[in-house]
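Could you build the full structure based on these sequences and the hints that come with them?
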Amino acid sequence: MNFDQLLQNVVGDTIGPGGSLCAFRPELALCATIVAVLLAKIILPGWKSSAYYITLLGLLAACFFAFPWSWQQGGIPAAKSIFTGALIADSFTVVVRGMLLGFAVLFATFTQMTGVWDREDQAEFYVLMLGSLVGMCLMISANHILIVMLGVEMAGVPCYVLAGMKRNQPKSSEAALKYAVFGAGAAGVMLFGLSLLAGVLGSVQLPTMTARLIQIIHNGASADQTLVLALGGLMLMVGVAFKLSAVPFHFWAPDVFEGATAEVAAFISVASKAAALGLLVRLVAVFSMPSALTFPEGISLPPDRLAAVADLGVVRQYIVALLSLLAAVTCTFGNLAAYGQTNMKRLLAYSTIAHAGYMMMPVAAAAALVGSDAVGAREAIAALLIYLGIYLFMNLAAFAIVAFLRNATGSEEIADYAGLVRRSPGLTVCMAIVMFSLVGLPPLAGFWAKMTVFLALIDAKLWALLFIGALNTLLSLFYYLRVVKVMALSPEPLHREAPTIPLTSLVGSYCALLTVPVVALFFLLGGVLYWARAAAHTLFN
Amino acid sequence: MSLFTEPIGLSHFLVVGAVLFVCGVICMATKRNVLGVLMGIELVLNGANLNFVAFGSSVLRPAGTEGIGMDGQMIALFVIVLAAAEAAVALAIALSYYHAHATVDVDRGDELKG
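Quick note, the sequences are listed as chains H and G, same order. Residue 4 in our numbering sits at position 4 of the first sequence; the count goes up by one each step and never skips. Residue 568 in our numbering sits at position 27 of the second sequence; the count goes up by one each step and never skips.
Treat the hints with caution; some may be incorrect.
What the hints assert, rightly or not - Okay, derived cross-link-like pairs now, DMTMM-like style, lysine to aspartate or glutamate, Cα gap no bigger than 20 Å in a straight line:
id: 1; chain 1: H; residue 1: K41; chain 2: H; residue 2: E124
id: 2; chain 1: H; residue 1: K80; chain 2: H; residue 2: D13
id: 3; chain 1: H; residue 1: K171; chain 2: H; residue 2: E413
id: 4; chain 1: H; residue 1: K41; chain 2: H; residue 2: D121
id: 5; chain 1: H; residue 1: K171; chain 2: G; residue 2: D646
id: 6; chain 1: H; residue 1: K171; chain 2: G; residue 2: D648
Calculated directly from the structure, the hints in this document are not laboratory data. In this text the structure is predicted, and so the values were computed from the model without any measurement.
What follows is the structure, given as structure tokens:
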């Protein structure tokens, strides 16, 4: 094949009909929005909220491109790799990306309402948010170790800056510093792990790496190879665990959440976590099953697919053991540490850590199931996506209320919420609904989130994990209840009144808007289930 | 056959990469100064980079095995850029930390108790 032919192939693959750029339009829309926001700041200096409106427009355009219009007629298309195998475009990418973009629309509106960034910083804030989103979209569609690394860094680095954007607050710069140093360290360790894996497996594309892994296991791996592979896998997990704020890489989370503004904390807590889980699912899916995608020449799978699946059993056991341990420890630690917190944002940080633990459980279940029952494994991933979808509304609502109360009182301490029910009954009800939903009480959406995850664990026969999950749900009841108790039962502080935020005001109605799905999704689970199953449809094939 | 007697090959590069990595991790864990920690991170990234380049080299590859070829060098180039971007952001944050605390000692940042 000569150079000219090679070039024409690449051009045809990229911009030809149905080419790679077609599946990449949402990300391109985000990139164009970044440029537009920056240009608008120079060209239209008089327009105060230019950054917000352009961002909103760009996000809506990205949502339009990301929406799978063709599924109505043609059904869910099979997975295909784009950009010569760097990314993978399948229903999982489409649904999780849609979720991220939908969250970004709600989030951009939220930051505009709280008005935390003044005219000078607004454009930078939205640019960083959009840049981070592009990285997250890469993370969830990664099929190549360079994209894994690039995605993690592109999603992470803007978040470090966002955490430190309140320049005049010492706490903010401290949070940013801790986040940046830990984040860069974790990314470095992850890169080293990836280099070991790539070297031993002799490839940088994830499905090809799995094919080589099968060959190595089939021919009997030497002790050295096993050691290096296990070590590489562990180092890779360090990077993912940092993004997930899983114990023992969680210690940045409470500090960053407290030091950064509530808005940024909401972004890190929801979007960054969703992307990290997407990446985790991708990695688990690719290393636990031989891919049906085509391989470059020179690599052939053992002719017997069942034997290949069986060969990967030891890898699956490793993944299940690692994820179960992480999930159990993360969940328990998050819930126990949340008890002593007096600052609302710190409490929500530990709550986020605990939820990351719950959300790792179905991934472990999927890895345990995939060898014998691919349908069950898809159901487990669907359970994770249901959890993520519901968690998005719950956590965004919780952080929105925290931010609006901060604007009204200047405080984020739980004790300062005392007596809120007398001045702002509507807002207190919203907060109570969100808190009960985070516990997982019916009739709120959080109940289904936990329920589907536990059903997946029963299906996978991970009894110990199920027990720990159930015990943790009980544990978490008390600290969430304490917040509601302070708001509803404690007397108003003497030195000043509790803030008055009626539900009919703009910010009040925004909180109500976010709380409605938390209740409604309990009754309308069918729709969520459809999307979650559609997303999992193309995995483990 | 020991590393000292055989001709320079893939293993030697990997040993240097591993040493860089370990130095970097120790540096990250023990340095109190932010700049020291950032230097440790650079060491870790460069250790990984050396691995990628060594694995990608067609000269070093043991006969009869498939290497990662040009991909290794391409990834190394990307990582160099990533490291620069990360260092730029981290240094800017360190500067803002210095303005607030008049020090770059990470232990002095104790307003937030993890």
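(message) Output the indices of the hints that this structure fails to meet, ascending.
(response) The structure conflicts with no hint, since it agrees with every one listed earlier.
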